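*Asks:* Fit chain B to the supplied structure of chain A, relying on the hints for placement.
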Amino acid sequence: MKITRIFGFLAIILFCSSGFSAGAASDDNEFAEFEEDEFADSVVVTNAPDAKQEDRKSVPPIVQKDDFEDDDFGVVDEDESDDSEKIKEVDPDEPTPVQSLKFTDVPAHFRSNWASYQVEGIVVLIIFIYLINYIIGKTTNSSIAHTVFEMCRPTLEEQFAVVGDDGVTDLDKLEPTLKRDTDSTFSAWCSGRVNVHSLFLQMKTIKRQDLVSRVLDIYDPSSDKMTIKVSLEGGNDVDPLIFAVGEKKIATKNFREMFDLNSYVSEKKQVAQQLNLPATWQLYADQNEVVYSILEPGVVSLLRKHEEAIEFIHISDQYTGPKPAEGESYTRLPEPQRYMFMSLNLAKLGQDEESAAEILNLVFYLIDRVKKMKLSKDAKQKAERKRKEFEEAFLKQTHAFRQEAAQARKEEKTRERKQKLMDEHDPERQRRLEAKELKKEAKAKQPKMKQMKVK
Amino acid sequence: MQQNGDPRRSNRIVRYKPLDATANQQQAVSDDPLPEYMNVLGMIFSMCGLMIRMKWCSWLALVCSCISFANTRTSDDAKQIVSSFMLSVSAVVMSYLQNPSPIIPPWVTLLQS
Numbered sequence: 001m002k003i004t005r006i007f008g009f010l011a012i013i014l015f016c017s018s019g020f021s022a023g024a025a026s027d028d029n030e031f032a033e034f035e036e037d038e039f040a041d042s043v044v045v046t047n048a049p050d051a052k053q054e055d056r057k058s059v060p061p062i063v064q065k066d067d068f069e070d071d072d073f074g075v076v077d078e079d080e081s082d083d084s085e086k087i088k089e090v091d092p093d094e095p096t097p098v099q100s101l102k103f104t105d106v107p108a109h110f111r112s113n114w115a116s117y118q119v120e121g122i123v124v125l126i127i128f129i130y131l132i133n134y135i136i137g138k139t140t141n142s143s144i145a146h147t148v149f150e151m152c153r154p155t156l157e158e159q160f161a162v163v164g165d166d167g168v169t170d171l172d173k174l175e176p177t178l179k180r181d182t183d184s185t186f187s188a189w190c191s192g193r194v195n196v197h198s199l200f201l202q203m204k205t206i207k208r209q210d211l212v213s214r215v216l217d218i219y220d221p222s223s224d225k226m227t228i229k230v231s232l233e234g235g236n237d238v239d240p241l242i243f244a245v246g247e248k249k250i251a252t253k254n255f256r257e258m259f260d261l262n263s264y265v266s267e268k269k270q271v272a273q274q275l276n277l278p279a280t281w282q283l284y285a286d287q288n289e290v291v292y293s294i295l296e297p298g299v300v301s302l303l304r305k306h307e308e309a310i311e312f313i314h315i316s317d318q319y320t321g322p323k324p325a326e327g328e329s330y331t332r333l334p335e336p337q338r339y340m341f342m343s344l345n346l347a348k349l350g351q352d353e354e355s356a357a358e359i360l361n362l363v364f365y366l367i368d369r370v371k372k373m374k375l376s377k378d379a380k381q382k383a384e385r386k387r388k389e390f391e392e393a394f395l396k397q398t399h400a401f402r403q404e405a406a407q408a409r410k411e412e413k414t415r416e417r418k419q420k421l422m423d424e425h426d427p428e429r430q431r432r433l434e435a436k437e438l439k440k441e442a443k444a445k446q447p448k449m450k451q452m453k454v455k
Numbered sequence: 001m002q003q004n005g006d007p008r009r010s011n012r013i014v015r016y017k018p019l020d021a022t023a024n025q026q027q028a029v030s031d032d033p034l035p036e037y038m039n040v041l042g043m044i045f046s047m048c049g050l051m052i053r054m055k056w057c058s059w060l061a062l063v064c065s066c067i068s069f070a071n072t073r074t075s076d077d078a079k080q081i082v083s084s085f086m087l088s089v090s091a092v093v094m095s096y097l098q099n100p101s102p103i104i105p106p107w108v109t110l111l112q113s
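In order, the protein sequence lines correspond to chains A and B.
Residue numbers for the first sequence follow full-length UniProt numbering, so the first one is 1 and each next one is one higher.
Residue numbers for the second sequence follow full-length UniProt numbering, so the first one is 1 and each next one is one higher.
The set of hints was computed from the structure by calculation and includes no laboratory data.
Values in this document were obtained by computation on a predicted structure and should not be read as measured data.
Treat the hints with caution; some may be incorrect.
Unchecked claim - Only pairs whose alpha carbons sit at most 16 angstroms apart, straight line, appear in this in silico EDC-like list of lysine to aspartate or glutamate:
hint : chain 1 : residue 1 : chain 2 : residue 2
1    : B       : 17        : A       : 170
2    : A       : 380       : A       : 166
3    : A       : 410       : A       : 437
4    : A       : 386       : A       : 239
5    : B       : 17        : A       : 181
6    : B       : 17        : A       : 166
For reference, chain A alone in the conformation it holds in the complex (with noise of 0.2 angstroms):
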């Protein structure tokens, strides 16, 4: 049956398309009458065999002239000479509709014409360079990052009982690993050691991978850092101290932006000069008695020793983060932390695995040093009565932050009720709301008097 049907439909088609061939030979039998008429013209003319062509489409207005002037046998040479030159004439004329034709241009095959694709190869032969400046730059920054952690590990396994956590595995099958974050950043979260909660190390190199990065970085030139950040377990034992040494740059640049030392800290030249620190190195603390607790003259040498590789030291018990931006501020204050923060140069740190052991063994010093680190009275009193004195002004502010936006709300209600009572067309409800108005604001003045009667 189907069958049947496509042939039946292929007949209708075959059908169609010959009742087209047969309306196109009509077409061409419609003009069997002016043949004769173009064979009696081919006599006369002789110059122009491919007027032919043109004659057909030109036969109509030019037979009726004939048909006129055949007529008249007299006229009828002078007629066939004005019609060959009338043809002449029109043959110069003719040919203009094809010579108004225009050919488009059509374009060359890409297989023919590649040479002219040079904008095309540019872009590819970029876009091949970025890979494989991709594929090099990812490569190269694995390794820097593996080579240093494998240099680091032997200490990090000493200290914790687990290194490289992902948080996922079974902590019987973790091998000391480095997780890879982005093609340019690593890390590695250590854990089980005391006075630490956590230890996690991070290494963020040059964005070798991306080219566009590394023409940045000509102009603007960074390095590969390591970064440690180790939450300090904490408790009433423990001093507080808040104390920041670094490079100068980045030093200045912690001391603007962090919360913690932006509130509580100075610097400390002098002091800086006494311990005999680094002349490019600035020194923050809340209070002098922590920094000769904390920087004895083993750790100063080691300072000056790896002073490259080192570039930035926090310490602090009151660590909240970064401060809130520019027209922003706490509500509350933040739970603070107890904390600390170092920023080593990757590139001195992995020159080789002495310099790299002996700065990782520094930052457990530093943190066992924390923790047994005892402050005179005075000196403890002093910095809690300074946090307690931040504390109280932190609130004053946003007390008064609190009072203007409860006022701000009591306005807008007030405002509304008016508003309310503006709206209000029933002459009863609207005498009823005003009279509710006028019991409020008397309200509203009253209690003052009588606070101050009864006083």
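*Replies:* Same frame as chain A, but now just chain B:
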């Protein structure tokens, strides 16, 4: 400065917890907004290439997608990168299907003048 005794405490292990997704992503975006910018630029160039039929826009969209891919963070969705790549490739293909002629290099016009 040597440590005495084993400081390791297996009973005090705190497991690694990836930071809160949205807060971390916002922080990551503020730290390095390049992949987002390149993603948006790539989409704009793809649209220009498809609708206004500018071939160089389509090629630029492809370059922007590559840059965005190279700067991806692991927290980012891979689908977004793949879709921006597909969009830019389709913009290039459609531009050349409509008009296979090559882009006229600027140095040709300069040389002619």
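*Asks:* Look at each hint and say if it fits the structure.
*Replies:* Hint-by-hint comparison with the structure:
Simply put, residue 17/B and residue 170/A have alpha-carbon atoms about 14 angstroms apart, close enough for the 16 angstroms limit, and the pair holds. A C-alpha spacing of about 39 angstroms is found between residue 380/A and residue 166/A, which places the hinted pair above 16 angstroms, so the restraint is violated. Our distance criterion of 16 angstroms between C-alpha atoms is met by residue 410/A and residue 437/A, whose separation comes to about 14 angstroms. As the CA atoms of residue 386/A and residue 239/A are separated by approximately 14 angstroms, the hinted pair is consistent with the 16 angstroms bound.
With a CA separation close to 14 angstroms, the supplied pair residue 17/B and residue 181/A stays within the 16 angstroms bound. Only pairs whose Cα atoms come within 16 angstroms are accepted, and residue 17/B paired with residue 166/A is accepted, the gap being roughly 8 angstroms.
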